[in-house]
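Visitor: Each chain, written out:
2 protein chains.
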Amino acid sequence: MPHYKLTYFNLRGRAEISRYVFAYSGKKYEDHRIEAADWPKIKPTIPFGKVPVLEVDGVIIHQSLAIARYLARETGLAGQTPVEQALADAIVDTIDDFMVLFPWAEKNQDVRTQAFNDILTNKAPELLKDLDAFLGDKNWLVGKSVTWADFYWDVCKHFLLLQPGSRKDQRQSCRPPVQTGK
Amino acid sequence: MPHYKLTYFNLRGRAEISRYVFAYSGKKYEDHRIEAADWPKIKPTIPFGKVPVLEVDGVIIHQSLAIARYLARETGLAGQTPVEQALADAIVDTIDDFMVLFPWAEKNQDVRTQAFNDILTNKAPELLKDLDAFLGDKNWLVGKSVTWADFYWDVCKHFLLLQPGSRKDQRQSCRPPVQTGK
Ligand SMILES: [Mg+2]
Ligand SMILES: [Mg+2]
Numbered sequence: 001m002p003h004y005k006l007t008y009f010n011l012r013g014r015a016e017i018s019r020y021v022f023a024y025s026g027k028k029y030e031d032h033r034i035e036a037a038d039w040p041k042i043k044p045t046i047p048f049g050k051v052p053v054l055e056v057d058g059v060i061i062h063q064s065l066a067i068a069r070y071l072a073r074e075t076g077l078a079g080q081t082p083v084e085q086a087l088a089d090a091i092v093d094t095i096d097d098f099m100v101l102f103p104w105a106e107k108n109q110d111v112r113t114q115a116f117n118d119i120l121t122n123k124a125p126e127l128l129k130d131l132d133a134f135l136g137d138k139n140w141l142v143g144k145s146v147t148w149a150d151f152y153w154d155v156c157k158h159f160l161l162l163q164p165g166s167r168k169d170q171r172q173s174c175r176p177p178v179q180t181g182k
Numbered sequence: 001m002p003h004y005k006l007t008y009f010n011l012r013g014r015a016e017i018s019r020y021v022f023a024y025s026g027k028k029y030e031d032h033r034i035e036a037a038d039w040p041k042i043k044p045t046i047p048f049g050k051v052p053v054l055e056v057d058g059v060i061i062h063q064s065l066a067i068a069r070y071l072a073r074e075t076g077l078a079g080q081t082p083v084e085q086a087l088a089d090a091i092v093d094t095i096d097d098f099m100v101l102f103p104w105a106e107k108n109q110d111v112r113t114q115a116f117n118d119i120l121t122n123k124a125p126e127l128l129k130d131l132d133a134f135l136g137d138k139n140w141l142v143g144k145s146v147t148w149a150d151f152y153w154d155v156c157k158h159f160l161l162l163q164p165g166s167r168k169d170q171r172q173s174c175r176p177p178v179q180t181g182k
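Chains as they are written, first to last, in my numbering: chain B, 1 to 182; chain E, 1 to 182.
Rather than coming from a laboratory, the hints here were simulated on the basis of the structure. You may find that some hints are simply not true.
Straight-line alpha carbon distances no greater than 16 Å define the calculated EDC-like cross-link-like pairs of lysine to aspartate or glutamate that follow [to be verified]: (1) B:Lys43 with E:Glu126; (2) E:Lys43 with B:Asp130; (3) B:Lys157 with B:Asp130; (4) B:Lys43 with E:Asp130; (5) B:Lys157 with B:Glu126; (6) B:Lys157 with B:Asp96; (7) E:Lys50 with B:Asp130; (8) B:Lys28 with B:Asp57; (9) B:Lys123 with B:Asp97; (10) E:Lys27 with E:Asp57; (11) E:Lys50 with B:Glu126; (12) E:Lys43 with B:Glu126; (13) B:Lys50 with E:Glu126; (14) B:Lys50 with B:Asp38; (15) E:Lys157 with E:Asp97; (16) E:Lys27 with E:Glu74; (17) E:Lys50 with B:Asp97; (18) E:Lys50 with E:Glu35; (19) E:Lys50 with E:Asp38; (20) E:Lys123 with E:Asp96; (21) B:Lys138 with B:Glu84; (22) B:Lys50 with E:Asp97; (23) B:Lys157 with B:Asp97; (24) B:Lys50 with E:Asp96; (25) B:Lys28 with B:Glu55; (26) B:Lys5 with B:Glu55; (27) B:Lys50 with E:Asp130; (28) E:Lys50 with B:Asp96; (29) E:Lys138 with E:Glu84; (30) E:Lys5 with E:Glu55; (31) E:Lys5 with E:Asp57.
The following block holds chain B by itself, in its conformation from the complex (with noise of 0.2 Å):
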């Protein structure tokens, strides 16, 4: 088995999607958090300057998406034909595109509040109406077991019922499609 090494700092963010994958599928990896301040020193020495970076066995990998994409398809969450692997990669991207609207760097607590706000209010629903209409009657949002898309899902969905300007009848259409247990 390879040595899995993650780098990122120490946050859910934008490590936390494979995180769920090793933590699922029991893989071993070495879960490496590092600290605001010797950010400065890392960030040169990693490929396009950005963290999360995945390392196999001295290959690193960059993107986040690619990393945890990688590791599903390794233990069997990322899909079980390649139409429903596409259809997974689809519904990761369509909550990516959300979750990056988002001023993240936003420093003015005001202009960070009313634009969070904003999406919330007039982007977040639409996502939730079109994942429930994908989702339909499945217990799954591809094909007939958990994949990847679903522990996005759980990502996001975490994220957002921690905003305060969250609406009550967002947060009760929040139905998990990730069930328990495996």
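Given the structure of chain B, go ahead and fit chain E with the ligands onto it with the hints provided.
Guide: Leaving out everything else, chain E with the ligands in the frame of chain B:
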């Protein structure tokens, strides 16, 4: 062989990467180009309401990069090993992160020009430097043969070279990893 129908506007845009994969692999497909005037009628019939979409024997796959990755895998253009596939995915997402910086929907021409120029001046050089370092002495971005990551860079480069704001030294450093031939 499945019937492939790719639906998008009559533009390069977010469908062009899939058209490259079809063209290079020689796979037949229906290149369905819709008129902007027909979009309001078509939008509600499409899951998640955005194009491109690819129909594969009746299943609709959304999200441009999910579609292109699926086609790249089907045609041997996604990378030769799981790690190479992850690296190709990572390069594609890196280029995409850059492409989505541009305010494509901005209607005010002055605001638009200013934003495009800012990105071309302040963000493009870093992307080019990082891609160049990643490419190194190789002929292709990932592994020993062409992948869809090379194609996506060509899509991006094509766009960059059309920009009046692109600087001469940037144009010179746009060395093409996509070579001629098959
Ligand atoms: Mg995207
Ligand atoms: Mg991304």
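Visitor: Taking the numbered hints from earlier one at a time, note which ones the structure violates and give those numbers from smallest to largest.
Guide: Structure breaks no hint.
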